[in-house]
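Number of protein chains: 2
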Amino acid sequence: MSAAAAGASLKLRRLGIDTYREPIVFLHADSSVCRAEGFRALSRVRLHCGSRDLIATLNVVHGGLLACDEAGLSESAWKALGAHDGDIGMMSHPPALESFSAIRSKIYGTRFDDEAMHRCIRDISAGRYSSVELAAFLTICAGNRMDMGETLALTRSMVDAGTRLQWTQHPVADKHSVGGLAGNRTTPIVVAIVAACGLTIPKTSSRAITSPAGTADTMEVLAPVELTLEHMRRVVDSEGGCIVWGGSMALSPADDILIQVERPLDFDSDAQLAASVLSKKVAAGSTHLLIDIPVGPTAKLRSAAAAQALADRLGAVGEALGLTVRSVQTDGSQPIGRGIGPVLEALDVVAVLQRQASAPPELRARATQLAGALLEMTGRADAGQGLGMAEATLESGSAWRKFQAICEIQGGMREPRLAPHRRELPSSIAGTVCGIDNRRLGRIAKLAGAPLSPAAGLVLEARLGQKVESGQPLLTIHAQSPGELEYAWAYASGHPQIVCVAPA
Amino acid sequence: MSAAAAGASLKLRRLGIDTYREPIVFLHADSSVCRAEGFRALSRVRLHCGSRDLIATLNVVHGGLLACDEAGLSESAWKALGAHDGDIGMMSHPPALESFSAIRSKIYGTRFDDEAMHRCIRDISAGRYSSVELAAFLTICAGNRMDMGETLALTRSMVDAGTRLQWTQHPVADKHSVGGLAGNRTTPIVVAIVAACGLTIPKTSSRAITSPAGTADTMEVLAPVELTLEHMRRVVDSEGGCIVWGGSMALSPADDILIQVERPLDFDSDAQLAASVLSKKVAAGSTHLLIDIPVGPTAKLRSAAAAQALADRLGAVGEALGLTVRSVQTDGSQPIGRGIGPVLEALDVVAVLQRQASAPPELRARATQLAGALLEMTGRADAGQGLGMAEATLESGSAWRKFQAICEIQGGMREPRLAPHRRELPSSIAGTVCGIDNRRLGRIAKLAGAPLSPAAGLVLEARLGQKVESGQPLLTIHAQSPGELEYAWAYASGHPQIVCVAPA
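Top line first, the protein sequences correspond to chains A and B. Per our numbering, the first sequence starts with residue 1, numbered consecutively. Per our numbering, the second sequence starts with residue 505, numbered consecutively.
These aren't lab readings, by the way, just hints derived from the structure by calculation. Treat the hints loosely; a few may be bogus.
Computed far set for chain A versus chain B, every beta-carbon distance over 12 Å [claimed, not checked]: (1) K106; (2) G149; (3) E262; (4) G435; (5) C500.
Where chain B lies over chain A, by a calculated footprint (3+ residues, C-beta under 8 Å) [unchecked claim]: (6) 62-73; (7) 114-126; (8) 138-145; (9) 264-276.
All C-beta atoms in this analysis are idealised placements derived from N, C-alpha and C, irrespective of residue type, glycine included.
Please model the complete structure; the sequences and the hints are all you need to start from.
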């Protein structure tokens, strides 16, 4: 290749612009590289610095923001390149994105073969796809357009593109909840119970994507979750279980990238969902996976049939990958715990583990149900004995001691602190709670500042079927600032159907 | 709603960042509006200033680029808002994009009804869709997923969203080529011939989308094409025809917006294609439309059956909209003219019109064929007499005089100038040219800098079936800079199948 094709050198500059995950590079319109290489706004460019390489989208700058010999980098570009101010980067045209032709063919009705899928996911993992290319991929995979072979190829490709953990222990248990249900924070309790029963469960969890809290966000209130792989191994070798953030493990980098576009589009497909869940579990070295699928009118799965179809697909793909998968459909008609938001959910978790009288009984019941199923499917408990074993482990205090031990070795247990600003939303009438909108409850918690402010969120003060008096609180909003409190409260009081009360 | 929900005021600042068509607003991470409203990177925001309103995507800024009470605007956001430095804007959450739910439903198999399509296109025209939402829409419309009713609804919605021209003349002729064939630059010749024969043909053309040159790009080499509507009317009233850029007419603003995403995705659907073509023709006031559909292994249409299906769809949708449509399938196995790129194609056009001995005979034949068909379908020529009339008009020099007159009144005829850097690609063996890859020829021309550098591109030096010696040039690349020349040449020499020579 010629010198021009090899690239033009530019001084790298951190602009501090957060474009979420899509890396953006800014060049001055009058820079020689813009002119020589024919770059213009939205051109895809390749930037090389030291041993690292990055494909990014170009924005062209007029005026004084940048000098002509500088390349400005968005935060994600800066991090991906591991750059330092004043570093010199080489910019050039990226290689043609050959793998996208398989997506074009899929749009026109040709199914993905294994090799084509592999190439797509490899390029996606390497950050070579732009947001609109990712959106096309996600769209054409949605709506039942992926058969079992394609789903399997997608999942395998995602595993192959990331790190894969190996464990000497066997079996290696795991659990996953399909989500969409606020306050369904069973994982820390389940891990504590089954680890206390001697099962190995190296749990990697995610942070919130569209929800007010992910398991990793909630756990972080109680202990550090950003562990190195070596540190995670020490926790698991010592205690049998851990609850850490999976993002730092790069278990399925393609999934982490696809999520950035799934979020604004607000749809995902059975195939993407199966691949997203299973690729991370296979990569994490799990052998036995229990999946909690809450079903309800405002949960992610809205009918038993849809939940069963997803369970079947997860089971079949899992089996093909050597993973034993069992799914349980659970009641998704209302939140499980009372708190929604990292701190408020963590307090529910601790209340259950400490056997406090005030602990939410539904959270306790759901966690022991799931722990029992996991104990049975791994052979720790005989059929029909799992729930009893889980309940006994919780009641004896051994689950709470196990949880404290895990927190200590993850870096030390922390004390959750409530937010300073709170306001109740009272019922305007006397009557019976007849409906709870999970999605909009999540929205209130996010408007209050969760998960960025861990103590923000809400506490649900009434459950379905409960009688309430006029003026009795339906929920209490917690926020770090008065502005956020008011904003969340205005939204909640403007949508009385979120917690719907039928007149007595 | 509370004051917070109604919006927060910010000083507007032009950042000079060109993000192409997607409007971006930049806010400081510590700004009170970011915190109070829960905005984060990629949030969709609404910005209001004076009487104008804008939906944009948010980028969050850390550090000193912006003050906390400022909102930075990308160039497209700045223009859409018609802002001035120091103006105060109000920022708030945008209304929910209700029309996108029809796209989600389409992904899951529900067809668009007229009303849903109308709402989608209205929101798209108003700039309310982000790039990833547009990509999802385009993807799910592609691959034969739109029936006739949906295509008609799409086309009608696009017409309704834009300006509609009215002409007192009748009939009003138009032509369109489905594209995908490099160097198929018949339009200026056809317009000159039929206008010289007395037909009214107010031709609006597009700039390049995925190709190295659009008709408007090529015509701009010879005369101004960015005319006001009044100026265009003067040209047509005086000369019967014009060749102008349609983009400034806002004939189909939704189409103009969709194209920004079609371009990087590099695919379009029969339905989008029909709607894109016909909405602009209906909006331009045409009554008779001739469509050239080149068919060949590397053209946009690859089989006679696919071309016929498209022709049928165009005919049926056109008829439902009161437009007489006739399609002709033409040979798309290789480029028509020799040049690819605005200047090199313009030189071919002029050579044909001037009856130069060196003019590409295929371009001359194709242009007279199409002009003849248009003369017949509008009743200017009797059946079977069109081609003869077109040839006579060209041979007499009256088409060339008409073309010069059109150029003069459009603003003055210009002299095309060749690019300073050229390099031949020689055949490595002696033999016969057995295949030409139109798509990759286009890619070479784009890598050389077309259409941004109008003189960049390539000249094809050999045609299918032609015998070549070893070392004889197959094509010559033209570029404005040595870097672009080398880059295009490296690609061309690395892909010897682009002009494939079978050994003698």
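Check your understanding: Can the region 114-126 of chain A be counted as covered by chain B under the rule of three residues or more with Cβ-Cβ separation shorter than 8 Å?
Key -> Our answer is that it is violated, as 0 residues pass the Cβ test (under 8 Å) against chain B, missing three.
Point to revise | Whether K106(A) stays farther than 12 Å from all C-beta atoms of chain B, as the label says | key: violated (8 Å)
Review point. Is the Cβ of E262(A) farther than 12 Å from every Cβ of chain B?
Key: violated (10 Å)
Check your understanding: For the region 62-73 of chain A, do three or more residues have a beta carbon lying closer than 8 Å to a beta carbon of chain B?
Key -> holds (count 4)
Point to revise | Interface exclusion of G149(A) relative to chain B, criterion Cβ beyond 12 Å | key: holds (19 Å)
Review point. Quick check: the region 138-145 of chain A, covered by chain B? Criterion 3+ residues, Cβ under 8 Å.
Key: holds (count 6)
Check your understanding: Just checking, G435(A) versus chain B, shortest CB gap more than 12 Å?
Key -> Nearest chain B Cβ is 20 Å from G435(A), so the label holds.
Check your understanding: Is the Cβ of C500(A) more than 12 Å away from each Cβ in chain B?
Key -> holds (20 Å)
Review point. Can the region 264-276 of chain A be counted as covered by chain B under the rule of three residues or more with Cβ-Cβ separation shorter than 8 Å?
Key: holds (count 4)
Going through the hint list in order, the structure does not satisfy hints 1, 3, 7.
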